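Colleague: For reference, the chains in residue letters:
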Amino acid sequence: KNQVEQSPQSLIILEGKNCTLQCNYTVSPFSNLRWYKQDTGRGPVSLTIMTFSENTKSNGRYTATLDADTKQSSLHITASQLSDSASYICVVSTPGGSNYKLTFGKGTLLTVNP
Amino acid sequence: NAGVMQNPRHLVRRRGQEARLRCSPMKGHSHVYWYRQLPEEGLKFMVYLQKENIIDESGMPKERFSAEFPKEGPSILRIQQVVRGDSAAYFCASSQGLFNYEQYFGPGTRLTVT
Numbered sequence: 232k233n234q235v236e237q238s239p240q241s242l243i244i245l246e247g248k249n250c251t252l253q254c255n256y257t258v259s260p261f262s263n264l265r266w267y268k269q270d271t272g273r274g275p276v277s278l279t280i281m282t283f284s285e286n287t288k289s290n291g292r293y294t295a296t297l298d299a300d301t302k303q304s305s306l307h308i309t310a311s312q313l314s315d316s317a318s319y320i321c322v323v324s325t326p327g328g329s330n331y332k333l334t335f336g337k338g339t340l341l342t343v344n345p
Numbered sequence: 088n089a090g091v092m093q094n095p096r097h098l099v100r101r102r103g104q105e106a107r108l109r110c111s112p113m114k115g116h117s118h119v120y121w122y123r124q125l126p127e128e129g130l131k132f133m134v135y136l137q138k139e140n141i142i143d144e145s146g147m148p149k150e151r152f153s154a155e156f157p158k159e160g161p162s163i164l165r166i167q168q169v170v171r172g173d174s175a176a177y178f179c180a181s182s183q184g185l186f187n188y189e190q191y192f193g194p195g196t197r198l199t200v201t
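Chains as they are written, first to last, in my numbering: chain A, 232 to 345; chain B, 88 to 201.
Since the hints were derived computationally from the structure, they do not count as laboratory data.
Here the structure is a predicted model, which is why all the values come from computation and not from measurement.
Careful, some of the hints might be misleading.
[To be verified] Partner residues aside, some chain A positions facing chain B, computed with beta carbon under 8 angstroms:
no., residue
1, I320
2, Y331
3, K332
4, L333
5, G336
6, K337
7, G338
Where is the CB? At the ideal position from N, CA and C, for every residue including glycine.
Construct the complete structure from the given sequences, taking the supplied hints into account.
Modeller: Spelled out as structure tokens, the structure:
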């Protein structure tokens, strides 16, 4: 069973609209949670990194939230643009000597249409 | 500052041949990680290397796969006697340090085994 589950699998929205992507994780213990954007045919690019003590982190039009008690995170995208079309991946790392080992979700494929 | 470089970007091999994937980390980065992304799956950790040392290869199949990061030159992921199931995207990432340092990903090598 994947320790990082994302929903929805895919999402289609119109340009200018907002959307929220969800991530539930069972990875424990937990060090930090990251959201990556992966364009088709490219490597993942980091959007936000949050430690367990942080509730929210923003990066431009991207805002990530984290509830470490319920092990849930969300990524909110405001005023979407065509260039936001990509896969958004939730990634969790564990603390200590193995915190380089990232556990990836399968991603949510976002399509922004004009 | 050039990002993480991977080559080739696309590689086609027949069953039984060898595949060599190369990764040049970002300038100043001495930590390299390899990940594999099978179709419809999230990225999975394979191996973590520092210069001339394999630190953690717990995610790498025991047979046919090997990795190195020599003192000079790129990191190499080598797959011997490839099979159809090896078809995947292989991503390399690098970081400046170990604990809580950002991992920067390359564009990936897409391996197709015919």
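Colleague: When the hints from earlier in the document are held up against this structure, which numbers fail?
Modeller: As far as the earlier hints go, not one is violated by this structure.
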